[in-house]
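**Student:** In the order they appear, the protein sequences are chains W and B.
For the first sequence, UniProt numbering assigns the number 1 to the initial residue and increments by one for each residue that follows.
For the second sequence, UniProt numbering assigns the number 1 to the initial residue and increments by one for each residue that follows.
Some hints here could point you the wrong way.
Stated by the list, open to error - Label-pair distances were calculated between CB atoms; the ranges are:
#	chain 1	residue 1	chain 2	residue 2	range
1	B	Ala134	W	Pro78	16 to 26 Å
2	B	Ala129	W	Leu73	23 to 33 Å
3	W	Pro151	B	Glu225	46 to 56 Å
4	W	Ala74	B	Pro209	24 to 34 Å
5	W	Asp5	B	Asp29	36 to 46 Å
6	B	Met205	W	Met83	39 to 49 Å
Please keep in mind that the hints were generated in silico from the structure rather than gathered at the bench.
Positions of the beta carbon are idealized from the N, C-alpha and C atoms, including for glycine.
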Amino acid sequence: MPHDDPDHPHSVLPPEPALRVKALETVLARRGLVDPAALDEIIDTYQNRIGPQIGASVVARAWCEPDFKAALLADATPVLAEMGHYGRQGEHVVVVENTPDRHNMVVCTLCSCYPWPLLGIPPGWYKSDAYRARAVREPRRVLADFGVALPKGTSIRVWDSTAEVRYLVLPMRPPGSDGLDAGALAALVTRDSMIGTGLPSAPEAT
Amino acid sequence: MTRVHDMGGRFGDGPVIPEGEGAPVFAEDWHARALAVTLAAGALGQWNIDMSRHARETLSPGDYARFSYYEKWISALADLLVRQGVLTLDELRGGDASDPHPLADRRLGAEAVARVLASGGPADRPADAPPAFAPGQTVRTVRPAGNRMVDGGHTRLPSYAGGARGRILRVHGHHVLPDSNAHGLGEAPQPLYAVVFAASELWAMPEHPDDEVVLDLWQSYLEPE
């Protein structure tokens, strides 16, 4: 049974989480404070429209167009806004480039900050205690959990998203992808490669 | 001076379990609903993003550790609705109130969702003074890490980075100060910097001598070195 805790009013709601959400939605909708149709619209936006395919198209374009890449690395926010990739949790974006000498990896140790307009809603592991706790202290062991091993000479820069600046990793273009157009390249760009816990897929041998 | 959410560097959490790239965005339907209710309620304009984060951080340590991600969201939302006076405890319980709420005219309609999500809420503000630090300059973070205005209040300097020597990497401009904004004390914008720290400055046994950690830190979190 829920208990009353004056410091934590949530304790008056049903403890089972699905029921807790339902109870809150019901109360708010009955008082005219939320519109169930608006909830459907928000869910549809992040389930079906805004996701890592957007970031992948940005990365593929950066691989193909040196001027675009330079502009993106210099000041990403206006470049992305011009393409329509702006909005909640993506108001200030910095793009960081992986090189043979430096690998970049993004975390939010204090909560779950993530570039929504480019990657959508973060995956469960990004929000997990294990990732939040370990990514800053032992990024190489975390990468090993993803099956990624970096060369000894590559240093890692971990970006802890402590403010409203959101970071996107520009991964290295995979070898053997020379003849591919931006569409085919985008298909190689994984979500994890834009967070820094993965690498882009290798092009299929033809 | 720390709270349970401040877990960067902590030992003992076990492996990270990756999900496939094609895993569903929301593992359960109620996860989607929890996110949507939180965003829609936020659109009523009765709190800001810093208050919202602080509400999750002030869940009891037991609840914070026990709750799944979206349980934290929905529970913190219930707490915020009462703390900010939107609902009474009785109304939250599902009491008999069914008359339109005074804030009902601020309800986020389905037709406004795309516009509201696409316009976001930028945190930068016009500069009222030049930044005190420049890229390349060495600085040290304050220690202990903690809110200097409200005891136990919201701050974005993680405890693992308190008292550490770093170097200014980028100047992001003036941004709203969470330590103030989370407590209704005003936006109090300050210069925000990306500050880079050698891993050896933060950890007793860093994995690699050249590894680094970058944090975005407000000017009042930093002292000249």
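**Student:** Take the hints in turn and mark each one as holding or not.
**Tutor:** Checked hints:
no.	hint	result
1	Ala134(B) / Pro78(W): 16 to 26 Å	23 Å, holds
2	Ala129(B) / Leu73(W): 23 to 33 Å	28 Å, holds
3	Pro151(W) / Glu225(B): 46 to 56 Å	33 Å, violated
4	Ala74(W) / Pro209(B): 24 to 34 Å	30 Å, holds
5	Asp5(W) / Asp29(B): 36 to 46 Å	28 Å, violated
6	Met205(B) / Met83(W): 39 to 49 Å	43 Å, holds
Violated hints, listed in ascending order, are 3, 5; each of the other numbered hints is respected by the structure.
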